[in-house]
Amino acid sequence: MQKIIDLLIRENVLDEAKLQLFIDKYGESKLSIANLLKVRILQQESMDEVLLKELRMQSFEINDLEGLQGIDTTELLKKQAKVLGVEYIDIPSIEIDYKLIKRLPLKQLVRYKALPLFVKDDQVTVAFENPNDFEAKGAIERFFHGKIMVVALARKEIIQQVLSHLDTSEKVEEFSVDIKEDLEKGGAEAKTDESPAVLKLIELILATAIEKGTSDIHIEATENNCIVRYRVDGILQENFKMEKSIFSPLASRMKLLSNLDIAEKRKPQDGRFTQIVRGRVFDFRVSTLPTMFGESIVMRILDKTKAMVQLENAGMSSVSYTKFIEAIHAPYGIVLVTGPTGSGKTTTLYGALNEIIDAKDKIITVEDPVEYQMDSIQQVQINEQAGLSFPAALRSILRQDPDKIMIGEIRDQETLRIAIQAALTGHLVLSTLHTNSSIAAIGRILDMGIEEYLISGALIAIQAQRLVRKICQSCKEVATLEPKLKEDISKFVSPNAVFYEGKGCPVCNNSGYVGREMISEVLPVSETLSRMIASGASKDELTKQAVKEGFFSMFQDGLKKALEGKTTVKEIIRVARS
Numbered sequence: 000m001q002k003i004i005d006l007l008i009r010e011n012v013l014d015e016a017k018l019q020l021f022i023d024k025y026g027e028s029k030l031s032i033a034n035l036l037k038v039r040i041l042q043q044e045s046m047d048e049v050l051l052k053e054l055r056m057q058s059f060e061i062n063d064l065e066g067l068q069g070i071d072t073t074e075l076l077k078k079q080a081k082v083l084g085v086e087y088i089d090i091p092s093i094e095i096d097y098k099l100i101k102r103l104p105l106k107q108l109v110r111y112k113a114l115p116l117f118v119k120d121d122q123v124t125v126a127f128e129n130p131n132d133f134e135a136k137g138a139i140e141r142f143f144h145g146k147i148m149v150v151a152l153a154r155k156e157i158i159q160q161v162l163s164h165l166d167t168s169e170k171v172e173e174f175s176v177d178i179k180e181d182l183e184k185g186g187a188e189a190k191t192d193e194s195p196a197v198l199k200l201i202e203l204i205l206a207t208a209i210e211k212g213t214s215d216i217h218i219e220a221t222e223n224n225c226i227v228r229y230r231v232d233g234i235l236q237e238n239f240k241m242e243k244s245i246f247s248p249l250a251s252r253m254k255l256l257s258n259l260d261i262a263e264k265r266k267p268q269d270g271r272f273t274q275i276v277r278g279r280v281f282d283f284r285v286s287t288l289p290t291m292f293g294e295s296i297v298m299r300i301l302d303k304t305k306a307m308v309q310l311e312n313a314g315m316s317s318v319s320y321t322k323f324i325e326a327i328h329a330p331y332g333i334v335l336v337t338g339p340t341g342s343g344k345t346t347t348l349y350g351a352l353n354e355i356i357d358a359k360d361k362i363i364t365v366e367d368p369v370e371y372q373m374d375s376i377q378q379v380q381i382n383e384q385a386g387l388s389f390p391a392a393l394r395s396i397l398r399q400d401p402d403k404i405m406i407g408e409i410r411d412q413e414t415l416r417i418a419i420q421a422a423l424t425g426h427l428v429l430s431t432l433h434t435n436s437s438i439a440a441i442g443r444i445l446d447m448g449i450e451e452y453l454i455s456g457a458l459i460a461i462q463a464q465r466l467v468r469k470i471c472q473s474c475k476e477v478a479t480l481e482p483k484l485k486e487d488i489s490k491f492v493s494p495n496a497v498f499y500e501g502k503g504c505p506v507c508n509n510s511g512y513v514g515r516e517m518i519s520e521v522l523p524v525s526e527t528l529s530r531m532i533a534s535g536a537s538k539d540e541l542t543k544q545a546v547k548e549g550f551f552s553m554f555q556d557g558l559k560k561a562l563e564g565k566t567t568v569k570e571i572i573r574v575a576r577s
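Note that numbering that gives the first Met the number 0 has the sequence shown beginning at 0, numbered continuously upward.
Since the hints were derived computationally from the structure, they do not count as laboratory data. Any given hint could turn out to be false.
No farther apart than 20 Å at their CA atoms in a straight line, the calculated lysine-lysine pairs in the PhoX-like style are these [what the hints assert, rightly or not]:
#1 Lys-243 <-> Lys-264
#2 Lys-569 <-> Lys-483
#3 Lys-77 <-> Lys-106
#4 Lys-538 <-> Lys-483
#5 Lys-490 <-> Lys-569
Quick caveat, the model's predicted, so the values are computed rather than measured.
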């Protein structure tokens, strides 16, 4: 936003003195384009004129303006189209004629950033990223003999998404044909899994998954097909469907990559491999499971850059961030991160380690498995078959004179008891626990058989977190809430609050969401709360005291993000309403 404000000041559309008066009166937190328009320090028409000029000069792109309250990017695009003398088309709201697209070479469409949309009478409508590109218009027009080409402006990212999907589908089809030809030539399974087409297909599957922000890849054999599905933002999406014959060489090659036994199809197997995709290093954790029609192969994608995540960039609200940072800088005690599977707990723990890492301290982690490798710390991999369980590893770690310990997950009473004893004897312990909320974690620890006085003495803070899907900025619009939703949030927001949702488009695979962000709550265990835990206070009593001390719940944190237009109310209620 600062870049836009600086631009408006430079173009004399925004008076710097008046802006300073606004900040002095309302504070930095209230500074937004919407509020400046509201108090009439900024005029909509003048602002749009400047933004349109900068867009024409390509000083920035329309995506740079997404999410800024007070700037309607769709209206800006419509105005831009009017200035250019072309039509603006909202691609998600129309039905694309894919047969029309197939009549043109895909490479040409990608090169000229053009997308044919539909034919009406003797006119064919084509959306361009840049309707001023005369070379592109001339090259595409030559393909439509006897038709009049109507040039339209559309969102750049949607054109790219549709073309990318078509390109990927075309390549999958091409590789599948090559693999089938190898099979028909009589090549044994051991040979076909080495064919260039299989290797290219795997590279494509991995690269496409990374581009889509996939967390897990599912390759499944069904009765008649080989299906590839991606888990994106926590939801599975079918991406490719190929003939059943493709599965066997594909599965064999995946097993070879993961150092698994390609001949073993009756037992589950686990392995992993590392691959460079699009110039970045990724680890893939592979699991195979025998099924009725073959095997199910699931690959968890581990992005090594996530090990270097900074907590301030993890999506924590400023309130949660301040409390959590203070907790992990304590000299000793236990800090817990709670939430269900797939809520980003491990990533938060690595972020915490990055924050507290220091050459003066010995830091040891015990994990099952070690997901991300980090420099300057000692990481221990659990191996139950060799007798190295969490409790056994922890006992050995304590004899290594550590200052800080990270335990991947507390699964049983023995591990928890050792962790608490370590926290009470001068070590800082970070770990995760499966509970629904931060206050519920206290009850969970008690249920595991730990005495109240030990808990109250060891606990520093508990963070609970979830991942919520973010609204797709390409199809974002104002949401109309159902009466039941309004009732659910009436205690927390004003009746006139404005919320948003995504209507669905090719960019978000018609889901209305792209990406995920953390919502969280942090419960620092104060002296008062510590005494209450030791005396056996109930969950309701602990909650009442926490609220008195300024506790901000995960649900409230989520609603704040919904008010900011980052996510939807439906998503917050789905994920965080207990």
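Holds or violated: Lys-77 to Lys-106, with C-alpha atoms at most 20 Å apart: violated, 28 Å
Pair hint Lys-243 and Lys-264, alpha-carbon separation not exceeding 20 Å: holds, 16 Å
Restraint check for Lys-538 with Lys-483, where alpha carbons must lie at most 20 Å apart: violated, 27 Å
Pairwise hint evaluation, Lys-569 against Lys-490, where the allowed Cα distance is 20 Å at most: holds, 16 Å
Agreement of Lys-569 and Lys-483 with the hint, judged by alpha carbon distance not exceeding 20 Å: With Cα atoms ~11 Å apart, Lys-569 and Lys-483 stay inside 20 Å; holds.
This entry does not satisfy hints 3 and 4, going by the numbered hints stated previously.
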